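Under our numbering, the residues of the sequence shown are numbered 19 to 263, in order.
None of these hints come from the bench; they were simulated from the model.
Any given hint might turn out to be false.
[As the list claims (entries may be wrong)] SDA-like, lysine to any residue: derived pairs with alpha carbons at most 20 Å apart:
{"no.": "1", "residue 1": "Lys-245", "residue 2": "Asn-191"}
{"no.": "2", "residue 1": "Lys-255", "residue 2": "Lys-133"}
{"no.": "3", "residue 1": "Lys-133", "residue 2": "Asn-81"}
{"no.": "4", "residue 1": "Lys-171", "residue 2": "Asp-140"}
[Unchecked claim] Per label pair, the in silico range of CB-to-CB distance:
{"no.": "5", "residue 1": "Met-22", "residue 2": "Asp-194", "range": "23 to 29 Å"}
{"no.": "6", "residue 1": "Met-22", "residue 2": "Val-79", "range": "50 to 56 Å"}
{"no.": "7", "residue 1": "Thr-25", "residue 2": "Gly-122", "range": "20 to 26 Å"}
{"no.": "8", "residue 1": "Asn-82", "residue 2": "Glu-132", "range": "38 to 44 Å"}
{"no.": "9", "residue 1": "Pro-237", "residue 2": "Asn-34", "range": "34 to 40 Å"}
{"no.": "10", "residue 1": "Ala-102", "residue 2": "Gly-236", "range": "28 to 34 Å"}
{"no.": "11", "residue 1": "Lys-252", "residue 2": "Asn-82", "range": "31 to 37 Å"}
{"no.": "12", "residue 1": "Lys-252", "residue 2": "Gly-122", "range": "37 to 43 Å"}
{"no.": "13", "residue 1": "Tyr-52", "residue 2": "Lys-31", "range": "38 to 44 Å"}
{"no.": "14", "residue 1": "Met-46", "residue 2": "Thr-25", "range": "23 to 29 Å"}
The structure presented is a predicted model; accordingly, all values stated were derived computationally and were not measured.
Note that the Cβ used here is the ideal one computed from N, Cα and C, for glycine as well.
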Amino acid sequence: MPSMLETTFLNLKFKNPLVLASGIRGVMASSLQYMVKKGCGGVTLKSISLQPRAGHPNPTVFNNRHFILNAIGLSNPGVNEINAETIQFKKTCDVPLIGSIFAGSVEEFAEVAEKICETNIDALELNLSCPNVTGEFGEPFAYSAQAATTITKRVKARISVPLIVKLSPQAWNIADIAKAAEDAGADAITAVNTISGMVIDIKSRQPILHNKFGGVSGPALFPIALKCVYDIFKAVKIPIIGTGG
19 MPSMLETTFL
29 NLKFKNPLVL
39 ASGIRGVMAS
49 SLQYMVKKGC
59 GGVTLKSISL
69 QPRAGHPNPT
79 VFNNRHFILN
89 AIGLSNPGVN
99 EINAETIQFK
109 KTCDVPLIGS
119 IFAGSVEEFA
129 EVAEKICETN
139 IDALELNLSC
149 PNVTGEFGEP
159 FAYSAQAATT
169 ITKRVKARIS
179 VPLIVKLSPQ
189 AWNIADIAKA
199 AEDAGADAIT
209 AVNTISGMVI
219 DIKSRQPILH
229 NKFGGVSGPA
239 LFPIALKCVY
249 DIFKAVKIPI
259 IGTGG
C-alpha cells in the first residue's frame, strides 16, 4: 500500500515531497545516499558547471537562529566528475535524482545540460539565480525574462528529461520571468534561490565572509519565498517547487 505522502511530480514518483535542495550535500554519491537514508523522497545535485570551479575562499558560511548566510561561490568538481557520482548513486538508490547546472553563456548552458543528461538523472534544474557570484553567472540571467526564454529554449532542445528553472527572489518581475520560462518550454519552476545579504563583525568592523556578501536562507527567507511562490502561482500553470535557497 503506498504511503499517504507518496507524490507524483513531473511523472516521477516520490516517496514523499521532501526533496534535498541543490547545495553542498549534493556532490558525493555517499552524501546523497545518506540523505535518502534519512528520509528524503528525492535529491538534487549541487549546481554544476562545465569545468571544475574552486569557489570563494573561507570563511564562506555564517549562521544564527534566524538565517544562514553563505558564499560558497558555486564550487563544484565539474560535470564529468559529477556524472561518475550520479552513476554510483543510482546503483543503490531508486529515488528521483534532479541535476542542477549553471553557466556563463547560453551555449554553455546547453552544453552542460547535454553532458549531465548522459547519465540517468530524472530531471534537470537550471540555476539562473545564484546571488553570491558577480558578473558572469548570477546577474546576467536572474532578472531577464528574455534570458530565461533563450536559455530555456536552447536547453530544452538538447535534453529529454523534464526541465525546471530556478529563479531569484530579487527579481522584481519574478512572475514575468516564470511565465517566460513556461512559454519557452519549462516543465516546472523552483522558487526561490537565496537572497543577497551581508553580516558585519562589530569588533573588526569588517564583513564576516571573505566574499563580503552571500546568499541568505533559513527562516528569514521564508516569507519572501512564500510571496514569490504566490506571485508565480498566479502567473503560470506548470508546477512550482518551493525552496528556501
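Now for the hints, and whether the structure bears them out:
no.: 1; hint: Lys-245 / Asn-191; in the structure: holds (12 Å)
no.: 2; hint: Lys-255 / Lys-133; in the structure: violated (29 Å)
no.: 3; hint: Lys-133 / Asn-81; in the structure: violated (35 Å)
no.: 4; hint: Lys-171 / Asp-140; in the structure: holds (19 Å)
no.: 5; hint: Met-22 / Asp-194: 23 to 29 Å; in the structure: violated (36 Å)
no.: 6; hint: Met-22 / Val-79: 50 to 56 Å; in the structure: violated (36 Å)
no.: 7; hint: Thr-25 / Gly-122: 20 to 26 Å; in the structure: violated (34 Å)
no.: 8; hint: Asn-82 / Glu-132: 38 to 44 Å; in the structure: holds (41 Å)
no.: 9; hint: Pro-237 / Asn-34: 34 to 40 Å; in the structure: violated (22 Å)
no.: 10; hint: Ala-102 / Gly-236: 28 to 34 Å; in the structure: holds (32 Å)
no.: 11; hint: Lys-252 / Asn-82: 31 to 37 Å; in the structure: holds (33 Å)
no.: 12; hint: Lys-252 / Gly-122: 37 to 43 Å; in the structure: violated (32 Å)
no.: 13; hint: Tyr-52 / Lys-31: 38 to 44 Å; in the structure: violated (21 Å)
no.: 14; hint: Met-46 / Thr-25: 23 to 29 Å; in the structure: holds (26 Å)
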